[in-house]
Amino acid sequence: MLEYDRLKAIALITLLIILLFLFIWYGSLTPAPEKGRFPGNDELVENYERYEEEKIEIDGEVIKTDPVTIEIESGERTSRLKLTGLQEEIDESDRISVFGTAEENETVHVRNAIIRPSWRYGYMYGISLLGAGWVGLRLIGGWRFDKENFAFEPRNDSLTVRETILFLIRGDGSG
Amino acid sequence: MALADLLTHLFVGYTIGMILSWRYERIKSPHITAIMVGAALPDLNRIRLLLDPIKLEQVFGVPFSWGPIHTVGGVLVIIAIGSLLTVQKDSKMIFILLGIGAISHLFLDSLLITASGYSYAVFWPFLESHPSTPGLYLSTDIWPILVSGPMALFVKTVDRIM
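Which chain is which? The protein sequence lines are A and B, in order. Counting the first sequence from 1 gives a position; our numbering is that position plus 6. Counting the second sequence from 1 gives a position; our numbering is that position plus 102.
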């Protein structure tokens, strides 16, 4: 058992290092349009001019409709870009994904766009939160943490939703 | 940008788990939950909303992205970590269950409509290219839940009757 614990600890540390390596590796990737990876929000907020005349794929919020202007985010930084060639009707606060060409004066010529009213995002996050609650309750009700083995194991008898909530309120480790 | 409709992924995971439990007696309620957790895992990349990768880059001075969580390679490592954190006799099975859930998620998301017509780097780091997407739905669409929800309810009902 001790031998297994030692191997387990080594394996866990190794996997965490690999994961960290993957995060850094992915972060260092640069756009590769021939592979379907186009310059996006991060690249254009960082340095728009560098990608002029290139195909880009961005995602932002409509802040003005005449001329159509969108705000794209990259972390906490934002940029405002004008759109030309848009066929569809849009409203302020709509969310828009754009595939197009970066042109001069921070203007993007649109080839294809997907437009969604902003409330759809509220809907999506709302039901996602609901889902997180559901799987969370199932996890707590169906699994327990065995401190001795530092491992999760299925409960012999899963708790019902009511029992799970009671368990959470009481906060005790039994069951 | 691939977006989350977590509930649809969970309904799909639940449905797969239920059907598997009819075939394999070892699969019980906690194991169905494991498939659902697997089906939720790729959306852990939402951690970027809390921990901004660009800030992390500035702090640590190395490039950084949470992107791998939503790819085959990254999710494989996370599943391996997760299965090692379960009791030894179950860990192999949990690895498979988490994997089934995660594959269902990555597959469904590879069908999402995108502006460029290209999906995301599903198979990274094994393959770098973004496959083209058939563009079946948006995660802000409402109909996926109207299909997956009743589907989950249906298998639950069948399970009760059986």
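Mixed in with the good hints there might be a few duds.
Heads up, simulated BS3-like pairs for lysine-lysine below, C-alpha to C-alpha not over 30 Å straight-line [to be verified]: (1) B/Lys-191 with A/Lys-70; (2) A/Lys-14 with B/Lys-258; (3) B/Lys-157 with A/Lys-153.
Ranges of calculated distance between the beta carbons of each label pair, as one might list FRET restraints [said to hold, decoys possible]: (4) B/Ile-263 with A/Lys-88: 58 to 68 Å; (5) B/Arg-125 with A/Glu-55: 16 to 26 Å; (6) B/Leu-151 with A/Asp-11: 31 to 41 Å; (7) B/Glu-230 with A/Thr-166: 44 to 54 Å; (8) B/Arg-125 with A/Phe-151: 42 to 52 Å.
Simulated from the structure, these hints should not be mistaken for laboratory data. Note that beta-carbon positions come from the ideal geometry of N, C-alpha and C, so glycine has one too.
Range first: 16 to 26 Å. Now tell me if the beta carbons of B/Arg-125 and A/Glu-55 are that far apart. Distance hint for B/Arg-125, A/Glu-55 is violated at roughly 58 Å.
Quick check: does the Cβ-Cβ distance between B/Arg-125 and A/Phe-151 fall within 42 to 52 Å? violated, 29 Å
That 44 to 54 Å hint for B/Glu-230 and A/Thr-166 (C-beta), does it hold up? holds, 47 Å
Pairwise beta carbon distance, B/Leu-151 to A/Asp-11, judged against the given window 31 to 41 Å: holds, 36 Å
Is it true that the CA of A/Lys-14 sits at most 30 Å from the CA of B/Lys-258? violated, 37 Å
CA of B/Lys-191 to CA of A/Lys-70, is that 30 Å or under? violated, 59 Å
30 Å Cα cutoff - pair B/Lys-157, A/Lys-153: violated, 35 Å
B/Ile-263 versus A/Lys-88 beta-carbon gap, inside 58 to 68 Å or not: Since B/Ile-263 and A/Lys-88 have Cβ atoms about 59 Å apart, the given range 58 to 68 Å holds.
In terms of the numbered hints stated before, the structure departs from hints 1, 2, 3, 5 and 8, listed from lowest to highest.
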